[in-house]
Amino acid sequence: MMNTVSADFEKRAKEIEIYFRHLEAIEEKNGKLSVATARGRTLRKVDPVLVKVLKSNLFLLLYNLVESSVRQSLVEVFDAISAEKMMYSEASDHIKKLWIQEGHQKFKNNSAEQIFNSLTSLANDIVEIEFGNGVIMGGNIDGRKIRDFSETYGFSSTVHKNAKNGVKLHEVKRHRNDLAHGLVSFSECGRNYTVSDLRQTKHEVVLYLRGILRNISRYLDSKAFRIDIREES
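Heads up: the sequence shown begins at 1 in UniProt numbering, then just goes up one per residue.
In short, the hints are calculated from the structure, not lab data. Be careful, since some hints might not be right.
[To be verified] Just the calculated beta-carbon pair ranges, DEER-fashion:
no., residue 1, residue 2, range
1, TYR19, HIS160, 19 to 27 Å
2, GLY31, LYS223, 48 to 56 Å
3, ALA7, LEU60, 20 to 28 Å
4, GLU113, LYS14, 53 to 61 Å
5, SER82, LYS164, 33 to 41 Å
6, SER89, ASP8, 30 to 38 Å
It should be emphasised that the depicted structure is a prediction, and the values quoted were computed from it without experimental measurement. A virtual CB, placed ideally from N, CA and C, is assigned to each residue, including glycine.
I would like the entire structure built from these sequences, with the hints used as guidance.
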């Protein structure tokens with residue numbers, strides 16, 4: 001499981017790396033534009049405003065990586081749980097709580113007898129969940145949200161210490177939303193960042209996400225969403 005998700009992640013991460021190398025070449029290595037003229041070609045310095053725009057655009061690329069990775073991973077989790085066709089009594093406590101939350105919202109409006117009947121049959125319910133029920137994505141994903149997902153579904157959120165628990169994801173999310181909603185211009189967003197700053201942000205975000213994807217892969221491979229698998233481990 002997760003092979004397709006991991007492959008797509010690495011593809012997008014490579015795109016970001018290619019983009020960043022060009023940004024490095026412009027700012028740190030004094031890269032210039034080769035422009036065609038009537039007399040041939042000439043080298044021109046890159047406009048400083050464009051450099052700021054290119055810097056801020058990196059936040060959009062990184063957020064795209066964050067949200068696509070999390071979205072695809074959760075789809076895999078939902079699909080794996082539903083495909084298992086396990087009964088409620090066979091599910092881990094995390095999934096039991098999720099199933100009650102998603103499948104039995106009606107409890108508060110039912111009579112005591114109706115609730116009793118529902119609870120009586122609950123143990124034999126087949127757990128089938130669909131992506132989208134209560135999962136809010138657009139512009140909302142950061143390290144804290146990913147840890148919320150890990151607590152809900154039961155996969156580990158522990159990653160390499162150099163990822164610093166995904167703290168940079170909040171910064172990426174904030175800048176992405178500010179840019180998407182027009183709260184700041186691209187040049188305003190990029191003016192306070194050096195290439196070195198962005199290199200560190202890129203490194204921590206990619207490292208954190210790679211660790212989370214690895215954790216989810218292990219969660220699915222071990223079928224940790226089942227109570228019998230969990231108790232034997």
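Outcome of the hint check:
1. TYR19 with HIS160: 19 to 27 Å: 23 Å, holds
2. GLY31 with LYS223: 48 to 56 Å: Once the Cβ atoms are compared, 50 Å apart, the range 48 to 56 Å for LYS223 and GLY31 holds.
3. ALA7 with LEU60: 20 to 28 Å: Given a distance of about 22 Å, which is inside 20 to 28 Å, the answer is holds.
4. GLU113 with LYS14: 53 to 61 Å: 59 Å, holds
5. SER82 with LYS164: 33 to 41 Å: The hinted range 33 to 41 Å holds for SER82 and LYS164, with Cβ atoms some 34 Å apart.
6. SER89 with ASP8: 30 to 38 Å: At 35 Å between Cβs, range holds.
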